Amino acid sequence: MVSEVPNTYQGAMHARQKDLMQDYQQALARSAAGDGPPAVYLLVSGNPVELIHAFGLLPVFPEIQALQRAVRHESLPLIQEAEARGYSTDNCAYVKTDIGAWYRYSRSPSPTVPPPGLLLANYVGCQVYWQWWEQLEDFSHAPLYLLDVPFSRSRDGLPTPDDIAYVVRQLRELIPILERLSGRRYDPDRLRQVLQLSRETEELWSRIKWLAARDPAPFDAYFDAATLMAPLYVLRGTAAGRDYFQTVWTELEARQKAGQGPLERENFRLVIDGPPPWPYLRAFRDMFARWGAVFVASTYSGVGGLWEFGFRHQPDDPLTTLATHMLTWNVPNQNLRQRYDLLSRYLREWHGEGLVIHAVKSCRLFSSGHGDMREYFAKTLKVPTLLIESDLADPRYFSPAQMRTRIDAFMESLISSRLGRDAIS
Amino acid sequence: MAGVLNTLSLATDLPGLAAQVQEWLDDPQLSLMSRLKSLYQRPAVGYFPVYSPLEIFEAAGVYPIGVGDVSHDAEMALGESRFPSFVCSIVKSTLDLGLAERLRVLDGVVFHSICDAARNLQAVYARNIPQQWTDYLHFPQNFDSPAASEYLASEYRRLMRRLDAWTDRRMTNDDLLAAIERYNRLRSHLRELYRFRRMHPDLLSTRVLYTLVRALGLLTVEDSLDLLTYARGLLTRQVPRTRDSVRALWIGAFCEKPPWDLVETLEEAGIAIVDDDIGLAHRWFSDDIPLDGDAIMALATAYCRNAVPAAVRHVPLGDRTAALLQRMQKVGADVVVMTVAKFCEPGLYEYAAYRRVLAEQKIPHILIEFDEHMWMFDKVQTDIETFVESVLLN
Numbered sequence: 002m003v004s005e006v007p008n009t010y011q012g013a014m015h016a017r018q019k020d021l022m023q024d025y026q027q028a029l030a031r032s033a034a035g036d037g038p039p040a041v042y043l044l045v046s047g048n049p050v051e052l053i054h055a056f057g058l059l060p061v062f063p064e065i066q067a068l069q070r071a072v073r074h075e076s077l078p079l080i081q082e083a084e085a086r087g088y089s090t091d092n093c094a095y096v097k098t099d100i101g102a103w104y105r106y107s108r109s110p111s112p113t114v115p116p117p118g119l120l121l122a123n124y125v126g127c128q129v130y131w132q133w134w135e136q137l138e139d140f141s142h143a144p145l146y147l148l149d150v151p152f153s154r155s156r157d158g159l160p161t162p163d164d165i166a167y168v169v170r171q172l173r174e175l176i177p178i179l180e181r182l183s184g185r186r187y188d189p190d191r192l193r194q195v196l197q198l199s200r201e202t203e204e205l206w207s208r209i210k211w212l213a214a215r216d217p218a219p220f221d222a223y224f225d226a227a228t229l230m231a232p233l234y235v236l237r238g239t240a241a242g243r244d245y246f247q248t249v250w251t252e253l254e255a256r257q258k259a260g261q262g263p264l265e266r267e268n269f270r271l272v273i274d275g276p277p278p279w280p281y282l283r284a285f286r287d288m289f290a291r292w293g294a295v296f297v298a299s300t301y302s303g304v305g306g307l308w309e310f311g312f313r314h315q316p317d318d319p320l321t322t323l324a325t326h327m328l329t330w331n332v333p334n335q336n337l338r339q340r341y342d343l344l345s346r347y348l349r350e351w352h353g354e355g356l357v358i359h360a361v362k363s364c365r366l367f368s369s370g371h372g373d374m375r376e377y378f379a380k381t382l383k384v385p386t387l388l389i390e391s392d393l394a395d396p397r398y399f400s401p402a403q404m405r406t407r408i409d410a411f412m413e414s415l416i417s418s419r420l421g422r423d424a425i426s
Numbered sequence: 005m006a007g008v009l010n011t012l013s014l015a016t017d018l019p020g021l022a023a024q025v026q027e028w029l030d031d032p033q034l035s036l037m038s039r040l041k042s043l044y045q046r047p048a049v050g051y052f053p054v055y056s057p058l059e060i061f062e063a064a065g066v067y068p069i070g071v072g073d074v075s076h077d078a079e080m081a082l083g084e085s086r087f088p089s090f091v092c093s094i095v096k097s098t099l100d101l102g103l104a105e106r107l108r109v110l111d112g113v114v115f116h117s118i119c120d121a122a123r124n125l126q127a128v129y130a131r132n133i134p135q136q137w138t139d140y141l142h143f144p145q146n147f148d149s150p151a152a153s154e155y156l157a158s159e160y161r162r163l164m165r166r167l168d169a170w171t172d173r174r175m176t177n178d179d180l181l182a183a184i185e186r187y188n189r190l191r192s193h194l195r196e197l198y199r200f201r202r203m204h205p206d207l208l209s210t211r212v213l214y215t216l217v218r219a220l221g222l223l224t225v226e227d228s229l230d231l232l233t234y235a236r237g238l239l240t241r242q243v244p245r246t247r248d249s250v251r252a253l254w255i256g257a258f259c260e261k262p263p264w265d266l267v268e269t270l271e272e273a274g275i276a277i278v279d280d281d282i283g284l285a286h287r288w289f290s291d292d293i294p295l296d297g298d299a300i301m302a303l304a305t306a307y308c309r310n311a312v313p314a315a316v317r318h319v320p321l322g323d324r325t326a327a328l329l330q331r332m333q334k335v336g337a338d339v340v341v342m343t344v345a346k347f348c349e350p351g352l353y354e355y356a357a358y359r360r361v362l363a364e365q366k367i368p369h370i371l372i373e374f375d376e377h378m379w380m381f382d383k384v385q386t387d388i389e390t391f392v393e394s395v396l397l398n
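Chains as they are written, first to last, in the numbering used here: chain A, 2 to 426; chain B, 5 to 398.
A few of these clues could be false.
Away from chain A, derived, C-beta distances all over 12 Å, residues of chain B [said to hold, decoys possible]:
#1 Gln24
#2 Tyr44
#3 Thr171
#4 Arg173
#5 Arg189
#6 Arg202
#7 Leu239
#8 Asp291
#9 Gln365
Okay, the calculated bits of chain A under chain B, using three or more residues with CB under 8 Å as the criterion [said to hold, decoys possible]:
#10 137 to 151
#11 329 to 339
Everything labelled a hint here was simulated from the structure, so no lab data went into it. Since this is a predicted model, take the numbers as computed values, not measurements. In this text, a Cβ means the ideal position worked out from N, Cα and C, and glycines have one as well.
Isolated chain A, as found in the complex:
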């Protein structure tokens, strides 16, 4: 069953994404050169990028820049630079990649990235976020606003009225700060327009994710979805973003109808929890692809927002809808029991045959409790489950041979259990 199956599909969506992201990079470079709107640094988890677009400001996601550096194999020297300055080997490698870059370039993390006009720590789930932004405040002397979003605490994950009121009130405090930075008055109608565009994008993204529930899945909902996340977070709330996801939807739906998937043959449908090991992205993908394994659902593709279960931004109540998104409808702010429910639903409704849990050293939010997750799925739900460990940006924690051995053993066990089931039936 093992075969080396390269994934070389390149469609119009890929070409369009390349153009869009180049446009974005150019906008960053212009702003860095002093010709363009000020930059607001914010974080991916449950991001309120609509508010930034409504003021015509430029969103910058240091996490995305860190992961791009990791993909290009540029993260390790920056990590080591940060470690030489006192950051621990046990600190998040995204943070160290970024901080290493700040030490290297001093004014911002890159000559083509503008320094922050505002550090917006949208503290959604990950505590390291505000600790990271504290460091950036120290380096950049830019103002920091810590948008504190209470973690989902109840079994059903519903926020309390006090949770919503607290976040809305902070958003109201943030608005004058954005007004000063942008030189624009807050225009609720403009925000509604942005949210309407987000809503349309979210509808498309939801339909795209549900495509992977079909047989065969027309794309890999982990590896391919991860590459779609940059436009989803940077361009959500813009017409360009909405149009781009229309292209993606049209193309992937056509591929699905034609029975085309990301691999020549879809042998296994898997679900995965945890971020990718970016420095070894291709190698990691190939370790599954060689078995014909496709990820049909992933929690990582829901870090910025979960839209496949019906949530859409509501333009008629802009601040409450932004708060609801940050509080409830993204993976990082959900508690671990909710994540178990989410994964169960992915396995059931996306027809996953097994669960891969990728624990990454950098992200305790994702990984703390992964042993229990394995226990729950393997022993309680009897789902074939593989737990593997590496890191999202630090290549020193990825052992290709060991990783491959474990993945191979898991895939072989899936085959054995299929054979066992066949023999019984």
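Starting from the known structure of chain A, arrange chain B on it as the hints suggest.
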């Protein structure tokens, strides 16, 4: 002593008292807690470090137990199996204590948002130990916002409703004010002990003080007051120990408990600790909480406005590092000893910031990473002795 402590035949000297308290904390069966629970005749609620609103537990008439204060020196197979290798020990040991039924004395446990690793512990604990109820408090971090204290008050009221329903009684504002008054007194006692230690580190060792502070995690506030009053009465009987040492501010061990021997190693190597951030659950407020008006609002406002420095609480780094230097000056510390629990991200980020400013100010400092299960101290001893010598000789 009016409380239950007079039934425990306390030792009559400080080292003896510390040894006795350590036995309570190290007892694998945690039998003292069961005994106290039956004496108190109260339901028991565990709380996770670093901070928890103990005043609310007291007002609710429950027996609060610091799950981070009891020792865990056994194999941790159960806890290890549920968390990756790169998660700190206290998360694993707390779950391990629960899974091994060593925390069966507890009826419930309250967790909160101190870090990403601990945050997921609540869900894992709740799933695996369903016979105990759990809750999770979100402590706000946006202290620039006036909304933060109001939000925290709403969280506290949510917890109160839950405790009221569970204990079948109704906490009043007067109950809360009375509880705050008791904890104000306790914090005042602790401040006095810390002041004494600052002036006479040769008479009150940190090894003894650390033991007493951890003991508070096993006692009600009234018994905690009794214990500290009793301990203060023993201070005058101490004989000073003269030796070369450097006055140190000890920081970083604000959550996971450092092993007894680590503290002993520091002091034996010539570190005279004059301030620290251990046992913050009982030392969280730098001043008394006002005893009038809306008690819950006062408690929440104090959290946002009047808390001691802690790595798990957002403070701009510039303010944080300035506070460190002011604190050194206030307590007369010449060096900083930073012990950070292995894999503790908040502590490690704070260290990176402190290291920069301490280097700029040419203040000697040393970092030691520890684990609550650490049992070999040879390297730490060598590192600390070398550090002390270099400070004394220069």
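Hint check:
1. With a cut of 12 Å on Cβ distances, Gln24/B stays outside the contact zone with chain A, its closest approach being about 36 Å.
2. Every beta carbon of chain A lies more than 12 Å from that of Tyr44/B, the smallest distance being close to 28 Å; the non-interface claim holds.
3. No beta-carbon of chain A comes within 12 Å of the beta-carbon of Thr171/B; the shortest separation is about 21 Å.
4. At roughly 23 Å from the closest C-beta of chain A, the C-beta of Arg173/B stays outside 12 Å, upholding its exclusion from the interface.
5. The claim that Arg189/B lies off the interface holds: its Cβ sits roughly 31 Å from the closest Cβ of chain A, which is beyond the 12 Å cut-off.
6. For Arg202/B, the requirement that its beta carbon stay farther than 12 Å from each beta carbon of chain A is met, with the minimum near 28 Å.
7. Chain A leaves Leu239/B outside its interface by the beta-carbon criterion, the shortest separation being 38 Å against a cut-off of 12 Å.
8. The Cβ of Asp291/B lies farther than 12 Å from every Cβ of chain A, with a closest approach of about 24 Å, so its non-interface assignment holds.
9. With a cut of 12 Å on Cβ distances, Gln365/B stays outside the contact zone with chain A, its closest approach being about 15 Å.
10. Taking a C-beta to C-beta cut-off of 8 Å, the region 137 to 151 of chain A contributes 8 residues in contact with chain B, enough for the three needed, and the coverage statement holds.
11. By the rule of at least three residues with a Cβ nearer than 8 Å to a Cβ of chain B, the coverage given for the region 329 to 339 of chain A holds, with 3 such residues.
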